[in-house]
Amino acid sequence: MIRTLRDLLLFFTRDLRIAGTYRAPFVLELIEALFGAAMLYFVARFVDSPELRAALPQGSTYFAYSLVGFIFFDYLNASLDSFDRSLEEARDSGTLEPLLVTQVSLPVMLVGSAVYPFVVTTLRIAIYLAWGAALFHFPLHAANWLSVAVVLLGTLLAFCGLGILSAAYLLLFKRGNPAKWFFLSVSGLVGGMLFPVSILPGWLQVIAHLNPVTYALDAMRAALLDGANLAQVAPTLLILLLFAAVLLPGSVLGFSWALRRTKITGTLSHR
Amino acid sequence: MPDAAITVDSLEKSFPPAFSGWRAFAQPFVASTVPALRSISFQVKPGEAVALLGTNGAGKTTLLRILATLLLPTRGTVRVAGFDPVREPAAVRRHLGYHAGSDLGFYPRLTGRENVRFFGRLNHLSDSYLRTRIPVAAGQFELGGVLDRQVRTLSAGTIQRLSLLRALLHQPRVLLLDEPTRSLDALAAADFRRFLKTEILARQGTSLLFASHALPEIEFLADRIALLDDGRLVAFDTAAALKCRCGAASLEEAFSRLTGHSASLLAEPTSS
Numbered sequence: 001m002i003r004t005l006r007d008l009l010l011f012f013t014r015d016l017r018i019a020g021t022y023r024a025p026f027v028l029e030l031i032e033a034l035f036g037a038a039m040l041y042f043v044a045r046f047v048d049s050p051e052l053r054a055a056l057p058q059g060s061t062y063f064a065y066s067l068v069g070f071i072f073f074d075y076l077n078a079s080l081d082s083f084d085r086s087l088e089e090a091r092d093s094g095t096l097e098p099l100l101v102t103q104v105s106l107p108v109m110l111v112g113s114a115v116y117p118f119v120v121t122t123l124r125i126a127i128y129l130a131w132g133a134a135l136f137h138f139p140l141h142a143a144n145w146l147s148v149a150v151v152l153l154g155t156l157l158a159f160c161g162l163g164i165l166s167a168a169y170l171l172l173f174k175r176g177n178p179a180k181w182f183f184l185s186v187s188g189l190v191g192g193m194l195f196p197v198s199i200l201p202g203w204l205q206v207i208a209h210l211n212p213v214t215y216a217l218d219a220m221r222a223a224l225l226d227g228a229n230l231a232q233v234a235p236t237l238l239i240l241l242l243f244a245a246v247l248l249p250g251s252v253l254g255f256s257w258a259l260r261r262t263k264i265t266g267t268l269s270h271r
Numbered sequence: 001m002p003d004a005a006i007t008v009d010s011l012e013k014s015f016p017p018a019f020s021g022w023r024a025f026a027q028p029f030v031a032s033t034v035p036a037l038r039s040i041s042f043q044v045k046p047g048e049a050v051a052l053l054g055t056n057g058a059g060k061t062t063l064l065r066i067l068a069t070l071l072l073p074t075r076g077t078v079r080v081a082g083f084d085p086v087r088e089p090a091a092v093r094r095h096l097g098y099h100a101g102s103d104l105g106f107y108p109r110l111t112g113r114e115n116v117r118f119f120g121r122l123n124h125l126s127d128s129y130l131r132t133r134i135p136v137a138a139g140q141f142e143l144g145g146v147l148d149r150q151v152r153t154l155s156a157g158t159i160q161r162l163s164l165l166r167a168l169l170h171q172p173r174v175l176l177l178d179e180p181t182r183s184l185d186a187l188a189a190a191d192f193r194r195f196l197k198t199e200i201l202a203r204q205g206t207s208l209l210f211a212s213h214a215l216p217e218i219e220f221l222a223d224r225i226a227l228l229d230d231g232r233l234v235a236f237d238t239a240a241a242l243k244c245r246c247g248a249a250s251l252e253e254a255f256s257r258l259t260g261h262s263a264s265l266l267a268e269p270t271s272s
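Sequence order for the protein chains is A and B. Residue numbers are given in this note's numbering: position 20 of the first sequence equals residue 20, and the series is strictly consecutive. Residue numbers are given in this note's numbering: position 175 of the second sequence equals residue 175, and the series is strictly consecutive.
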C-alpha cells in the first residue's frame with residue numbers, strides 16, 4: 001500500500017516537474033477563471049426572473065447555481081480525460097513500453113498519471129470559487145466544507161470508473177472515445193449543469209436519474225450552497241457510491257481485459 | 001540461480017490479420033492466424049551472450065517483446081531468470097533490462113537525470129542508491145556532461161545511450177537489447193560494444209540476448225547465434241560452428257546458405 005502511494009507520488013512529481021517547465025499556463029488559467037466566472041455572473045443577471053428563482057434551491061442565486069454546475073463539469077471532463085490522455089501521451093511519446101517494463105503495474109501508472117490533472121482541476125475550481133466570492137458575491141460562507149470534501153471524494157470514485165473505461169476503449173481502438181463525448185453531451189443536457197433537472201420533460205428526467213452526474217451535482221450544490229451536513233447529503237451520496245461500486249470494479253475488469261487483448265494482438269503501442 | 005537465464009520452449013506466436021476501414025473496428029476481437037514465431041526452442045546460459053539474427057519479419061522483436069512481458073505467447077513457454085513472463089511478469093521485470101533500440105521513450109522536458117531517476121524509482125531503487133549509481137553509470141556511458149540537460153536538447157545517439165543506462169540501472173541479470181547500436185555513430189557503437197563485452201558480460205556476468213543486423217557486432221559480442229527465418233529457428237550455435245556446418249568462409253555467407261536469403265537483406269536496419 002505504501003509502495004503504491006509512493007509510486008503514485010512519483011507520477012505526480014513527474015507531471016509537476018514537466019508542468020514547471022511551462023511558465024505561462026498558470027497565469028492564463030488564473031485569468032481564464034476570472035473571465036469564466038464573470039461571464040456566468042452577467043448571464044445570471046440577464047436571465048434572472050421570479051420563475052427561475054422559484055425553480056432554484058432555497059436561497060440560491062442563478063449565478064451561484066450555474067457556477068457550481070460549470071466548475072463541476074470540469075471535474076467530469078478531467079475524470080473522463082485524464083486516464084486515456086495519459087495513456088495516449090505515453091504511447092505517442094514512446095514512454096509506454098519503458099513504463100511497462102518497470103515494477104509498476106499499468107493500473108497504478110494510469111491512476112498515478114491522473115493525480116496531477118485532478119489536483120490541477122481542484123486548484124482551478126478553487127480559483128473560480130475565489131473569483132466568484134471576491135467579485136460576484138458567491139456565498140462561500142454558506143458551505144459545509146466537510147460535506148464538500150466527502151461529496152468530492154464520492155464523485156471522484158464514481159467518475160474515475162468512467163475514465164478507466166475510456167482508457168480501455170483507447171487501448172482497443174486506438175483513437176478517442178465517441179462514447180465519452182456522447183456521455184459528456186448528454187450530461188451537459190440532463191445533468192443539471194445550468195438548469196435544474198425538474199424543468200426537463202419527464203423522459204429526460206428519467207435519463208437524468210440514471211446519470212451519476214445528476215447526483216454528484218445535487219449533493220455538491222447542497223453542501224456548497226445550502227451548507228448541508230453529512231446526514232443531509234447521505235441519501236444522494238449513497239446513490240453516488242452505488243455508481244462507484246459498480247463502475248470502478250467493472251472498469252478495472254474491462255481495462256485488464258483490454259490490456260490482455262492488446263498483448264495478444266501485439267497492438268499495445270500502436271497508434 | 002536457475003540453470004538457464006532464458007528458456008524458450010516450443011514457443012509460438014500468431015497475430016490477427018491487419019484490417020483497415022470499417023473492418024478495423026473488429027480488429028481487437030479477431031483470432032490470431034498469422035504466425036510470427038513457429039515452435040522456437042533454445043536456452044541462454046547465465047553470463048552468455050546470444051544474438052538473434054534474421055531478416056526483417058523473422059520474429060526477432062516479437063521474441064524479445066514476449067520475454068519482456070509486452071506480448072503474450074500463443075503457445076509454448078518461456079522463462080526469464082527462472083520466472084514465467086505470463087504468470088510472474090513483475091518478477092521477470094525485476095531481473096530484466098530492456099532496451100527497444102529507439103531514441104524515444106523519455107520525457108523531453110525533463111533532464112536526463114530526472115528521467116533516469118524517475119524510471120529507477122519505478123523499479124523501486126532507493127533514492128540513496130540512485131544518487132550514487134546514476135553518476136557512476138553516466139560516467140561509463142560518457143553521459144556525465146549532458147545528464148542535467150533537458151532530453152529534448154540531446155542528440156539521438158545520446159538519448160540511445162541514456163536509454164541503455166536506464167536499462168542497466170538496476171543491474172539486471174538478463175539484458176534484452178533490440179538493435180542496440182542502431183542510432184549510434186561508428187565510433188560510439190564500437191565503444192558501446194566494448195563496454196557491453198568488458199563491463200556487462202565479463203565483469204557483471206549479465207546474460208544478454210540481443211537482436212542485430214550488424215554481423216561484425218554479432219561476431220564480436222555473441223557466444224552463440226540464434227538464426228531466425230520466417231518465425232523458425234533455423235540454427236543455434238557459435239559463429240564458428242555455423243560457418244563450419246555449411247562450409248562458409250564468413251558469417252555473411254553462412255547466413256545466406258542457411259536461410260537462402262542474400263545477406264544484403266540484413267542491411268535494412270528496421271526491427272521485425
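The set of hints was computed from the structure by calculation and includes no laboratory data. Nothing here was measured: the structure is a model prediction, and the numbers come from that model. Here a beta-carbon is modelled for each residue, glycine too, at the ideal position from N, C-alpha and C. Hints may be right or wrong, so weigh each one.
Covered stretches of chain A, going by a simulated chain B footprint (3 or more residues, C-beta under 8 Å) [said to hold, decoys possible]:
1) 98-112
2) 137-149
3) 209-216
DEER-style ranges, computed between Cβ atoms [said to hold, decoys possible]:
4) B:A156 / A:A179: 52 to 60 Å
5) B:D84 / A:V246: 51 to 59 Å
6) A:L238 / B:T77: 46 to 54 Å
7) B:K197 / A:E89: 36 to 44 Å
8) A:L210 / B:R232: 54 to 62 Å
9) B:G260 / A:V246: 56 to 64 Å
10) B:S126 / A:L210: 31 to 39 Å
11) B:G139 / A:G94: 57 to 65 Å
Results for each hint:
no., hint, verdict
1, 98-112, "holds (count 8)"
2, 137-149, "violated (count 0)"
3, 209-216, "violated (count 0)"
4, B:A156 / A:A179: 52 to 60 Å, "violated (39 Å)"
5, B:D84 / A:V246: 51 to 59 Å, "violated (34 Å)"
6, A:L238 / B:T77: 46 to 54 Å, "holds (48 Å)"
7, B:K197 / A:E89: 36 to 44 Å, "holds (37 Å)"
8, A:L210 / B:R232: 54 to 62 Å, "holds (55 Å)"
9, B:G260 / A:V246: 56 to 64 Å, "holds (58 Å)"
10, B:S126 / A:L210: 31 to 39 Å, "violated (49 Å)"
11, B:G139 / A:G94: 57 to 65 Å, "violated (26 Å)"
Hint violations for this structure: numbers 2, 3, 4, 5, 10 and 11, all remaining hints satisfied.
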